[in-house]
Amino acid sequence: MTVAQAEAAEALSVADTFSVAKPADLPVSDRSRILIYLGVLVFIIAFGAPGGGLVGTGIFFFLKNRLHMGASQIALYGLVAAIPSYLAFVPGFARDLWNPFGLRDRGYMILFGGLCALGFACFAFLPVSLASLIALSIVVGSLWLFAQAGQTGLGATIARQHLMSGQMSTVMNVFGSIAVMIPLAAGGYLSDYLEKLPLSEAARELFLTGGAIMACFALFAIWRPRVVYDNVRAEAGGEIHPLKDLARLVRHYPIWPAFAIWVLWNFAPGSGTPLQFHLQNTLHANDAQATLWNVLFAGGFIPTFLLFGWLCRRVPLRTLLIWGTVVAVPQMLPLLFVKTVSAALLGGFASGLMGGVATAAYLDLMIRSCPKGLEGTMLMASNALYFVISQAGNVLGARLYEHFHTFTVCAISITVVYALILPTLLLVPRRLTATPDGVAPEGGFDKQ
Numbered sequence: 090m091t092v093a094q095a096e097a098a099e100a101l102s103v104a105d106t107f108s109v110a111k112p113a114d115l116p117v118s119d120r121s122r123i124l125i126y127l128g129v130l131v132f133i134i135a136f137g138a139p140g141g142g143l144v145g146t147g148i149f150f151f152l153k154n155r156l157h158m159g160a161s162q163i164a165l166y167g168l169v170a171a172i173p174s175y176l177a178f179v180p181g182f183a184r185d186l187w188n189p190f191g192l193r194d195r196g197y198m199i200l201f202g203g204l205c206a207l208g209f210a211c212f213a214f215l216p217v218s219l220a221s222l223i224a225l226s227i228v229v230g231s232l233w234l235f236a237q238a239g240q241t242g243l244g245a246t247i248a249r250q251h252l253m254s255g256q257m258s259t260v261m262n263v264f265g266s267i268a269v270m271i272p273l274a275a276g277g278y279l280s281d282y283l284e285k286l287p288l289s290e291a292a293r294e295l296f297l298t299g300g301a302i303m304a305c306f307a308l309f310a311i312w313r314p315r316v317v318y319d320n321v322r323a324e325a326g327g328e329i330h331p332l333k334d335l336a337r338l339v340r341h342y343p344i345w346p347a348f349a350i351w352v353l354w355n356f357a358p359g360s361g362t363p364l365q366f367h368l369q370n371t372l373h374a375n376d377a378q379a380t381l382w383n384v385l386f387a388g389g390f391i392p393t394f395l396l397f398g399w400l401c402r403r404v405p406l407r408t409l410l411i412w413g414t415v416v417a418v419p420q421m422l423p424l425l426f427v428k429t430v431s432a433a434l435l436g437g438f439a440s441g442l443m444g445g446v447a448t449a450a451y452l453d454l455m456i457r458s459c460p461k462g463l464e465g466t467m468l469m470a471s472n473a474l475y476f477v478i479s480q481a482g483n484v485l486g487a488r489l490y491e492h493f494h495t496f497t498v499c500a501i502s503i504t505v506v507y508a509l510i511l512p513t514l515l516l517v518p519r520r521l522t523a524t525p526d527g528v529a530p531e532g533g534f535d536k537q
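Heads up, the sequence shown is in the numbering used here, so the first residue is 90 and it goes up one at a time.
Each hint can be trusted.
Restricting the straight-line Cα-Cα distance to at most 25 Å, the calculated cross-link-like pairs of lysine to aspartate or glutamate (DMTMM-like) are: (1) LYS461 - ASP334; (2) LYS153 - ASP281; (3) LYS428 - ASP376; (4) LYS153 - GLU294.
Please keep in mind that the hints were generated in silico from the structure rather than gathered at the bench.
A quick note: this is a predicted structure, and the numbers were derived from the prediction, not measured.
The whole structure should be built from the sequences, with the hints applied where relevant.
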């Protein structure tokens, strides 16, 4: 055998080591079970998030009703408490390089899910103050991000290897939305319940519940269904080269249009605080009605998430990106024409419907754009961008609202920003979006 033949044989051996079953080799029943398993993981971890979910909702009521903080003070708290989320790419990069217990993503979910549960339990027995709530958000929030890195990395890896990024996007968005809606819908009942208890006892019950949720997440990750883990293989092998991997990430052109679209979609100046002021000060909605608007808005996404999940197997992603964006651009404009709270609630659901296909398509594009072996870094970086950009958009929107004393300028600003996504789509490599779910792009995902 010549040297050239030996090298070729070695290359084939390496390729075989990291090959995966073709999508046609994965039965529909197996695919469905994989998606359900990952959907449950998404739901549990989102429901147990210290900065969101059930605990985050309870902390908001502590700040508002027990510590008597105003809107600007609560906004500032949120800015500080979200510091770990601004650096979410760090847990993602760690996930791509470090393999705890030799269990890869399961190792992250078991280890850091358990540490999250322990962290919640510790804070449950500490005196409640602004400082302790910030400390909980930063400490437990950091641990939670490492657990999430395992969950998102696992989902993205399976999605790429089995050409099911659209279906994975649908599942992540649907289960994540449900986890957000439940605490919002139950917010009034939760507030009333916590108000009846002494502050220390209320915090203890809330944080122990958060710990129980994250313990369930860790225990669920201990379960190793073969249909999931026998159908995913390591995307990286050999020695670890962090600097080379970072350089590879930066040089991977497809990530940049995907990030740019993600930034424009989540900037939305005025969709946070100004919108709530518009609902309550202009339309005279009460707290329960304003909360219901958010529930309906989040719920409105779900039908069109599901529509995307059906279309993504039949239509090229590029078509869904374009038409999803066209429908989503005027998402906030209906609010300018409603004059009553009831109409605003219907408008909130309609606005959610308008954004579902676009949101799912952007996450699908994000998964397809990941460099091989850096799925955790890419998706956790998108999470970090979401927190940074949405906070920046909220600050700008609040200033516009205070200066012009109307939500109209905010809605127009949001529409203009969303419209910029359309020309940005021209920067996305065509081959990456030319196929529907289940069909490999020409040259594979990693071709520049």
